[in-house]
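Novice: Each chain, written out:
Number of protein chains: 2
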Amino acid sequence: MDIKKGIIDGDRIALAKLITMAEDGKKEAMDIIKELYHRTGNAYLIGITGPPGVGKSTLTAKLARAYSGLGKKIGIIACDPTSPYTGGAILGDRIRMQELFTDPNIFIRSMGSRGHLGGLSRGTRVAVRIMDIFGMDYIFIETVGVGQSEVEIADTADTTIMVLAPGLGDDIQAMKAGIMEIGDIFVVNKADREGAEKTAREIDTMLDFNEKSTWRPKVIMTVAQDNKGINDVLHAIEEHMKYIKDSGIFASKRKEHIKEEILELATQNIMSEIMTGLSKEELLGIVDKVAKREIDPYSASIDIIKPIKGGIQK
Amino acid sequence: MDIKKGIIDGDRIALAKLITMAEDGKKEAMDIIKELYHRTGNAYLIGITGPPGVGKSTLTAKLARAYSGLGKKIGIIACDPTSPYTGGAILGDRIRMQELFTDPNIFIRSMGSRGHLGGLSRGTRVAVRIMDIFGMDYIFIETVGVGQSEVEIADTADTTIMVLAPGLGDDIQAMKAGIMEIGDIFVVNKADREGAEKTAREIDTMLDFNEKSTWRPKVIMTVAQDNKGINDVLHAIEEHMKYIKDSGIFASKRKEHIKEEILELATQNIMSEIMTGLSKEELLGIVDKVAKREIDPYSASIDIIKPIKGGIQK
Chain A
31 MDIKKGIIDG DRIALAKLIT MAEDGKKEAM DIIKELYHRT GNAYLIGITG
81 PPGVGKSTLT AKLARAYSGL GKKIGIIACD PTSPYTGGAI LGDRIRMQEL
131 FTDPNIFIRS MGSRGHLGGL SRGTRVAVRI MDIFGMDYIF IETVGVGQSE
181 VEIADTADTT IMVLAPGLGD DIQAMKAGIM EIGDIFVVNK ADREGAEKTA
231 REIDTMLDFN EKSTWRPKVI MTVAQDNKGI NDVLHAIEEH MKYIKDSGIF
281 ASKRKEHIKE EILELATQNI MSEIMTGLSK EELLGIVDKV AKREIDPYSA
331 SIDIIKPIKG GIQK
Chain B
31 MDIKKGIIDG DRIALAKLIT MAEDGKKEAM DIIKELYHRT GNAYLIGITG
81 PPGVGKSTLT AKLARAYSGL GKKIGIIACD PTSPYTGGAI LGDRIRMQEL
131 FTDPNIFIRS MGSRGHLGGL SRGTRVAVRI MDIFGMDYIF IETVGVGQSE
181 VEIADTADTT IMVLAPGLGD DIQAMKAGIM EIGDIFVVNK ADREGAEKTA
231 REIDTMLDFN EKSTWRPKVI MTVAQDNKGI NDVLHAIEEH MKYIKDSGIF
281 ASKRKEHIKE EILELATQNI MSEIMTGLSK EELLGIVDKV AKREIDPYSA
331 SIDIIKPIKG GIQK
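Top to bottom, those sequences are chains A and B. Mind the numbering: the first sequence is residues 31 to 344 in our numbering, read in order. Mind the numbering: the second sequence is residues 31 to 344 in our numbering, read in order.
Some hints here could point you the wrong way.
[Unchecked claim] With a Cα cut of at most 27 Å, we get these calculated DSS-like pairs of lysine-lysine:
id: 1; chain 1: A; residue 1: LYS289; chain 2: B; residue 2: LYS319
id: 2; chain 1: B; residue 1: LYS310; chain 2: A; residue 2: LYS285
id: 3; chain 1: A; residue 1: LYS319; chain 2: B; residue 2: LYS272
id: 4; chain 1: B; residue 1: LYS64; chain 2: A; residue 2: LYS56
id: 5; chain 1: B; residue 1: LYS35; chain 2: A; residue 2: LYS310
id: 6; chain 1: A; residue 1: LYS322; chain 2: B; residue 2: LYS336
id: 7; chain 1: A; residue 1: LYS310; chain 2: A; residue 2: LYS289
id: 8; chain 1: B; residue 1: LYS64; chain 2: B; residue 2: LYS47
id: 9; chain 1: A; residue 1: LYS319; chain 2: B; residue 2: LYS56
id: 10; chain 1: B; residue 1: LYS102; chain 2: A; residue 2: LYS283
id: 11; chain 1: A; residue 1: LYS35; chain 2: B; residue 2: LYS322
id: 12; chain 1: A; residue 1: LYS258; chain 2: A; residue 2: LYS272
id: 13; chain 1: B; residue 1: LYS34; chain 2: A; residue 2: LYS322
id: 14; chain 1: B; residue 1: LYS272; chain 2: A; residue 2: LYS336
Since the hints were made in silico from the structure, they are not lab data.
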């Protein structure tokens, strides 16, 4: 099949294939992305993160359905190993998600353990780009975790939604300090449970101490499963979008990402040049020397890039 | 003060200072590490990971104290934002940790949000190296999370301990698939709580399905707070250490890390060469072109390394 034509024509099978090819690092995929790069820049990226069990997937599903109802096209990238999309969760969840898979406006991509092990940035970035080329209006990136992945998602997404739930106990309490800096919107899901208002109030209080930004994050209570509060979240997203676009944050962040990407790609290119120029035996020889503590790794790294340094100084 | 001499003499203040200097990327620190690199290679790295609230810090504290009682020197690196060392947890925890800070055999380093944002690998790796130079016999690396950080710790550590607790509900259930591949030793802490044996049995059953390794992970029940089961964990660590050393896994993993590090350092060096050779205006100009979709980032990355590629082909 002609993948490039398929992408332009809005064929979802072509979309799925191109993402897989790109993940596998196929040159053909990169060529298509290069040729269609001019179509990017329209998708708005929404990060959904939070600890396991708070209902991130259900919330994502309902938000996607709400946007679909407005005629928008939505991509969902699930980097969450506990997500029902990736097969991590219990059967009931997966059945509830069925409606997403039959919605022609919604395309779901699970990054599985591949995206997991390779880091959020790389696999997710290429999937985001391809979905952007395809013409998605909104792309949701769902990750789980209380660590690196949350920070990365906040850096990648235009709007980051931190999902919490009542009754998670002291853990949330302990995590709060780190969490507070990440969310643009806070959702207390499962708000029909005891303690929801208390949780929301606590988050609100914590946010009062964060004066790093002129944006004051919203705290919204939802019962995603019953579709309650979904529109409030949707409005908060639109409001935050307006804020970052009006303030210039959106444009400067996008440029920063482009810069990072160019430099990262450049480094990858040079690195593969080095690896091509270096025989396996040479590299193993250097590693052995370091392992025997004859030289240190810093000096070793300078040794292997010597041919390039000559080139730069010209 | 003469930091290098202090490190050789076993001065803990010099140790703390050198880690800070290295974290700040000070050239002086890197020079000392280079000069003392030959002293590395003796420390054994133990990763402690698991979801928040299972008692990782208490377990780490008790294990460290047990090793200290055997005359061993121990370093603890806490990359866990919820850890009492990093100030995330409740006061009671922190008081319980006091005994660690007064033990002359134990040195604790919290990576705080710095280690967090910079990724596990970099900040932690330099702290590990310096503690290794200093003469630590065991270095504990404590991380929280259900994501990238767990995978990274399993890759960095010689022995990885996955800590769980009963009563964490479905979340643990959902996380299990990913978790099972990470631990060399499984600890069910807070084993005086209801459901501990069931949790241990479930983990044990899951492990039966994992046939990737000839090492069958142990499942150990502990009540770390009451010092129960600590010696069992200690024995399991020693047993796993013997296994990886006898099987050659230890040596080959260490060599793999050295290779990765050399290549990573080389990449960093190249990146800074690129940045040096390129004026800020040139870079911004290229970024602007990509932002306007006049060129794609892949082509842009090739453009900026052209002068360097000339050097390679010579």
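Novice: Against this structure, judge whether each hint is valid.
Specialist: Against the structure, the hints come out as follows:
no.	hint	result
1	A/LYS289 - B/LYS319	holds (11 Å)
2	B/LYS310 - A/LYS285	holds (14 Å)
3	A/LYS319 - B/LYS272	holds (25 Å)
4	B/LYS64 - A/LYS56	violated (40 Å)
5	B/LYS35 - A/LYS310	violated (38 Å)
6	A/LYS322 - B/LYS336	violated (37 Å)
7	A/LYS310 - A/LYS289	violated (32 Å)
8	B/LYS64 - B/LYS47	holds (16 Å)
9	A/LYS319 - B/LYS56	holds (25 Å)
10	B/LYS102 - A/LYS283	violated (49 Å)
11	A/LYS35 - B/LYS322	holds (23 Å)
12	A/LYS258 - A/LYS272	holds (24 Å)
13	B/LYS34 - A/LYS322	holds (22 Å)
14	B/LYS272 - A/LYS336	violated (40 Å)
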